[in-house]
Amino acid sequence: MGSASWTGQELRAIGEAQGWVDAGPGGKHPIRMQKTGMRTVPIRAKIQNRNEAQDVLKQMKIPKTHWPENLK
Amino acid sequence: MYNLYLPYEVSFDVESQTYCCTGLDRDQEIFGTGSGVTLELAEQRLREAVFESLISDASDCNDYTPCLYRTPKGDNYLMFSAVELLPIRIRLARAARRLKQAEVAERMGISQQAYSKLERSGANPTFALLSRLETALQQEILQLA
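Chains as they are written, first to last, in the numbering used here: chain H, 1 to 72; chain Y, 1001 to 1145.
So that you can see chain H by itself, here it is in the shape it has in the complex (with noise of 0.2 angstroms):
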């Protein structure tokens, strides 16, 4: 990942490690990431800042053992 830019995609890819899926496109956004007895959290393609990757990640209660180092 670059210093300060992230995409859905990269997101995906941490979620799906965690035994998240992705369920496709849904409305403006071309990621859902679903995992049974939690909430969607809907991705969009590029994500504009530190604080939004963080906020995916923290929906998607993925341990910061497992976040990007610059995202940590």
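Don't read these hints as lab results, they were simulated from the structure.
Incorrect hints may have been included.
Claimed, not checked - Calculated pairs, DSS-like style, for lysine-lysine (alpha carbon to alpha carbon, straight line, at most 25 angstroms):
hint	chain 1	residue 1	chain 2	residue 2
1	Y	Lys1073	H	Lys72
2	Y	Lys1100	H	Lys35
3	H	Lys58	Y	Lys1073
4	H	Lys28	Y	Lys1117
Unchecked claim - FRET-style restraints, in silico, Cβ to Cβ:
hint	chain 1	residue 1	chain 2	residue 2	range
5	Y	Lys1117	H	Lys64	35 to 45 angstroms
6	H	Gln9	Y	Pro1072	17 to 27 angstroms
7	Y	Gln1028	H	Gly37	38 to 48 angstroms
8	H	Lys58	Y	Glu1015	48 to 58 angstroms
9	H	Gly27	Y	Arg1070	17 to 27 angstroms
10	Y	Arg1098	H	Lys35	35 to 45 angstroms
11	H	Lys64	Y	Ala1096	29 to 39 angstroms
12	Y	Ala1123	H	Pro25	17 to 27 angstroms
13	H	Lys64	Y	Asn1124	13 to 23 angstroms
14	Y	Phe1012	H	Ala45	20 to 30 angstroms
15	Y	Arg1070	H	Ala13	21 to 31 angstroms
16	Y	Glu1103	H	Pro68	40 to 50 angstroms
17	Y	Tyr1005	H	Lys61	41 to 51 angstroms
18	Y	Gln1017	H	Gly27	21 to 31 angstroms
None of the values given here were measured: they were computed from a predicted structure.
Heads up, the beta-carbon is just placed ideally off N, CA and C, and yes, glycines get one too.
Since the structure of chain H is already known, use the hints to place chain Y on it.
For chain Y alone, coordinates are given in the frame of chain H:
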């Protein structure tokens, strides 16, 4: 009919010069996020994310609207009007009866394409159409909304 509210926190990222709105549910867990070069755009994207989450989960009969507040909370909050939430109520009602869109459309006497608009953001059905929907689903949608 009642509105629902989602408080959110605002942050500004100096590096990208963009705002980020982080929605918080009744348990103070993050519910949706949206960013943009203006605060208005970030709010709009948060709204789209929360709606997409709610409508997606409604397909599986999961109703997460109780995670939102019944009254405004804090200084910054999104309001989801009862009308905005209608597509979610409709999808929840259909999913609970394990019916496909085409089946409900047939019962209502409309096309599947026309029906699918009822379950999309921005749907604004007439009273008459809602009445036919309630008959088709045998449920009072307006009362739920």
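Task: Enumerated hints in conflict with the structure, sorted upward - done: Failing hints, ascending: 1, 6, 7, 8, 10, 13, 15, 17.
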